[in-house]
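S.K.: Listed below, chain by chain, are the residues.
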Amino acid sequence: MWDLLIINPMVNTLLGIYAVLSRVFGPENMFGLAIIFFTILIRLITYPLTIQQMKGAQGMQEMQKSKKWQEIQKKYKDNREKLAQEQMALYKEMGISPFSSCLPTLIQFPIIIGLYQAIIRCLAVTPVQLLDLSKHIYPFIDGAALIPLNNQFLWMNLSQPERLYIFGIGIPVLAIIVVITTYMQSKLMTPPAQPGEQGAQISQAMNLYMPFLMGWLAYSFSSGLSLYFVTSNVVGILQYAAMGKVNWRNLIPSLPKRTR
Amino acid sequence: MKLKTASILLFFTIASITLAGCTGATNAASSWPGLNADQEHAYVAFNQFVYAINLSNGLEKWRFPIEADNKVSFYATPELSQDGQLLVGDYSNKLHSLNPATGTENWLFDDATDRYISGALAFNDRIYAANNGHQLYALDPSGNLLWEFETEGPLWAKPTTDERCDCIYLPSMDHHMYAVVAETGELKWQSESLGGSIVGNPTMNEAGRIFFGTFGSEILALDSQTGASVWRTPTSEWVWGGPQLYQDQLFVGDLGGTFYALDSNTGTIEWQKQLDGSITASPLVTDDAIYIPTENGILYALDLNGNNLWNKQFETKLHTTPVISGDLILVAANGGDELLYALETNGNQKWVFIPEKK
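Protein chains in written order, with numbering that gives the first Met the number 0: chain U, 0 to 259; chain H, 0 to 357.
No wet-lab data here; the hints were simulated from the structure. Quantities reported herein were computed from a predicted structural model and do not represent experimental measurements. Warning: the hint list may mix true and false statements.
With a straight-line cut-off of 35 Å between C-alpha atoms, the simulated DSBU-like cross-links for lysine-lysine are [stated by the list, open to error]:
# : chain 1 : residue 1 : chain 2 : residue 2
1 : H       : Lys311    : U       : Lys134
2 : U       : Lys134    : H       : Lys356
3 : U       : Lys186    : U       : Lys134
Okay, chain U solo, but in the shape it has when bound:
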């Protein structure tokens, strides 16, 4: 089922994009570009979730500022259970889902796992992988003409973890970029929050751990996956920036406050 619904469509979309790009520009560097295009496509498909996340975050912000919430906090400051109940009721009243702000991040995981498997399956560097790939190519894709895929992208072999060798020292450039862009994305997309607020605590923890997790994945696994991370982060930031929702003060606190 996982193969049928997630992996096969991903594999064939990647191959399809690669086929078109190779036909136009030649195969060199094209699998890397196919991953970039594919990521943009995934971001566009998951755009409604992004909007939902934004609305959720905005709603949270409004709730934090509302008089009603502040009164509830005062009233039930010694009764955490009741406070939580009232908070949930207020969420409901204001049409806010408390989980909507982390949903896009969570939904990325099956996509990441699927994409990773799809990239590895497409690159098919061993006989078992190639035999497996041969069984998952849709009939309308001319797999025979495409295989073997050109797995070089700039200085990277997309089937291997990336290292840029400078004076004999392997530097994981892409993993570093993944850490930076993941951190930037998390910070830029997090709305300012009241200290001690539950959602803010979760967001802070996510902002801290996520870049390191992504960086570790990028360091350990094939660079094709890192390319996905970087593209996804950059596209995410651009999407938010285009909507005017990027919060630069989270990244650079010395920036002047935006006036409305």
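Knowing the structure of chain U, use the given hints to seat chain H on it.
M.R.: Frame of chain U, contents of chain H only:
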């Protein structure tokens, strides 16, 4: 807060483990066994070891290396040279020359930049080792590099040659066949694009034709002098294993499980038979029978007219070309504890080799 932080950490840990699981474990087999045999021993390259197995009783004689190394794995067919070397490439870019009697290493060639998928060709006091990194390496019998030749794609098939020509015929995954001067490594000819990768070992006849299958779902005959196509016969699916020539007939299977007998002069299909499971191996052809392993674990024995003699179902996948030694049919298994079966020609099992876990 502590509980929440712990929950998030737990979530990330699970996510990391899940993703790590997608990469396949270090020791998971990424190919199938390579198999060869002489009169006394079978040689099987699989996962972390090359095994020598006594044909008389199915017991292990030696294994190489003695201790497993997680970074080293072997799947390429071990090849016996005329001067008594057992040549086997590994997945950590090294070609080993072993003493087939003892399993000790004679020499090691480690100049390659990528793994060895195919067996090496030993011919006229030279060793020709095709590598996944697009290179064909020519070595002297002591493992010294003489020359190298580069193609545009990975090399997964063993090159071939014939006595009349001091040439090496090199199939590549870049969709081309190459003829290279054996002495110098100079290109003699390069075929036109053949419509798909070639990963199965080619075979030749006395008239100087080279036969092979491609992922373009074709079986082809090329003229060995010019590289020109003599005939092309379409198949139902991709052709992985190389064809076997017996007299004027070619026998080959495709990934759709169709097995073909062709006239090698014209490429005309004389008969074909649908088998159960993808065929990645070359068939083993003797005077009396054709033995065909399939991915679904069935070894078929057909007569030369395609009539069924017997089938034998195994618990594991069968991807490797079977080998005959004396009156034993050797079948390498993939995906179970059993690694090698020895069968009599009527299909009765004589012994099975299960490597001892060390």
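S.K.: If a hint holds in the structure, say so; if it doesn't, say that too.
M.R.: Structure-based check of each hint:
1. Simply put, Lys311/H and Lys134/U have alpha-carbon atoms about 25 Å apart, close enough for the 35 Å limit, and the pair holds.
2. Under the criterion of a C-alpha separation no larger than 35 Å, the hint pairing Lys134/U with Lys356/H is consistent with the structure, at around 33 Å.
3. Pair hint Lys186/U plus Lys134/U does not hold up; C-alpha atoms about 42 Å apart against a cutoff of 35 Å.
Going down the numbered hints, you'll see the structure goes against just number 3.
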